[in-house]
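> Produce the complete structure using the sequences and hints provided.
In our numbering, the protein residues as written are 1 to 113.
No lab work stands behind these hints: they were computed from the structure.
One or more hints might be untrue.
As the list claims (entries may be wrong) - Subject to a maximum C-alpha distance of 20 Å in a straight line, what follows is the list of computed SDA-like cross-link-like pairs (lysine to any residue):
(1) Lys50 with Leu69
(2) Lys75 with Thr85
(3) Lys75 with Cys58
(4) Lys13 with Ala23
(5) Lys13 with Arg26
(6) Lys75 with Cys59
(7) Lys50 with Asn78
(8) Lys50 with Ala72
(9) Lys50 with Leu76
(10) Lys13 with Ile3
(11) Lys50 with Phe87
(12) Lys75 with Cys86
(13) Lys13 with Ile2
(14) Lys79 with Pro49
(15) Lys75 with Leu54
(16) Lys75 with Gly44
(17) Lys13 with Leu29
(18) Lys79 with Asn40
(19) Lys79 with His68
(20) Lys13 with Ala30
(21) Lys50 with Lys75
(22) Lys50 with Leu39
(23) Lys50 with Lys79
(24) Lys75 with Ile45
(25) Lys79 with Arg47
(26) Lys75 with Thr63
(27) Lys79 with Val52
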Amino acid sequence: MIIGDGAPIHRSKTIQAFLAEGAIQRIWLARLPAYAPNLNPDEGIWRYPKHVELRNTCCQIMTDLRHHLTAATDKLRNKPDIVRTCFEQVGYYQLITWMSVIEGYKHVLKQIP
Numbered sequence: 001m002i003i004g005d006g007a008p009i010h011r012s013k014t015i016q017a018f019l020a021e022g023a024i025q026r027i028w029l030a031r032l033p034a035y036a037p038n039l040n041p042d043e044g045i046w047r048y049p050k051h052v053e054l055r056n057t058c059c060q061i062m063t064d065l066r067h068h069l070t071a072a073t074d075k076l077r078n079k080p081d082i083v084r085t086c087f088e089q090v091g092y093y094q095l096i097t098w099m100s101v102i103e104g105y106k107h108v109l110k111q112i113p
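Dropping the structure here:
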């Protein structure tokens, strides 16, 4: 699944070529309005390091910032419940779960008259 919000990077020639080469057949695209943070799980995912791991962090040089960001994202990788919650809050987790179930039972569903 790719979630795009209409930002220029999501409409780039590289992305268009990737989709045209067949990726569109394998990947489900969810397009969001131009600015819809309440629909974007990424907003919640970044909120956690910002308000928890990086709270009161002040970096004087870019290498310090890079170090702190890397450490914060590494910690987030070990907290799948936080990531799952961000998807649940916008409704994607259930959608992804149901899509997986339907995909797994597609052969059975085809046999139903």
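> For every hint, state whether the structure bears it out.
Do the hints match the structure? See the list:
no.: 1; hint: Lys50 with Leu69; verdict: holds (9 Å)
no.: 2; hint: Lys75 with Thr85; verdict: holds (16 Å)
no.: 3; hint: Lys75 with Cys58; verdict: holds (19 Å)
no.: 4; hint: Lys13 with Ala23; verdict: holds (14 Å)
no.: 5; hint: Lys13 with Arg26; verdict: holds (19 Å)
no.: 6; hint: Lys75 with Cys59; verdict: holds (19 Å)
no.: 7; hint: Lys50 with Asn78; verdict: holds (16 Å)
no.: 8; hint: Lys50 with Ala72; verdict: holds (9 Å)
no.: 9; hint: Lys50 with Leu76; verdict: holds (11 Å)
no.: 10; hint: Lys13 with Ile3; verdict: holds (17 Å)
no.: 11; hint: Lys50 with Phe87; verdict: holds (18 Å)
no.: 12; hint: Lys75 with Cys86; verdict: holds (16 Å)
no.: 13; hint: Lys13 with Ile2; verdict: holds (16 Å)
no.: 14; hint: Lys79 with Pro49; verdict: holds (11 Å)
no.: 15; hint: Lys75 with Leu54; verdict: holds (11 Å)
no.: 16; hint: Lys75 with Gly44; verdict: holds (15 Å)
no.: 17; hint: Lys13 with Leu29; verdict: holds (16 Å)
no.: 18; hint: Lys79 with Asn40; verdict: holds (19 Å)
no.: 19; hint: Lys79 with His68; verdict: holds (17 Å)
no.: 20; hint: Lys13 with Ala30; verdict: holds (18 Å)
no.: 21; hint: Lys50 with Lys75; verdict: holds (12 Å)
no.: 22; hint: Lys50 with Leu39; verdict: holds (19 Å)
no.: 23; hint: Lys50 with Lys79; verdict: holds (15 Å)
no.: 24; hint: Lys75 with Ile45; verdict: holds (12 Å)
no.: 25; hint: Lys79 with Arg47; verdict: holds (14 Å)
no.: 26; hint: Lys75 with Thr63; verdict: holds (18 Å)
no.: 27; hint: Lys79 with Val52; verdict: holds (13 Å)
Every hint from the earlier list agrees with this structure, and none is contradicted.
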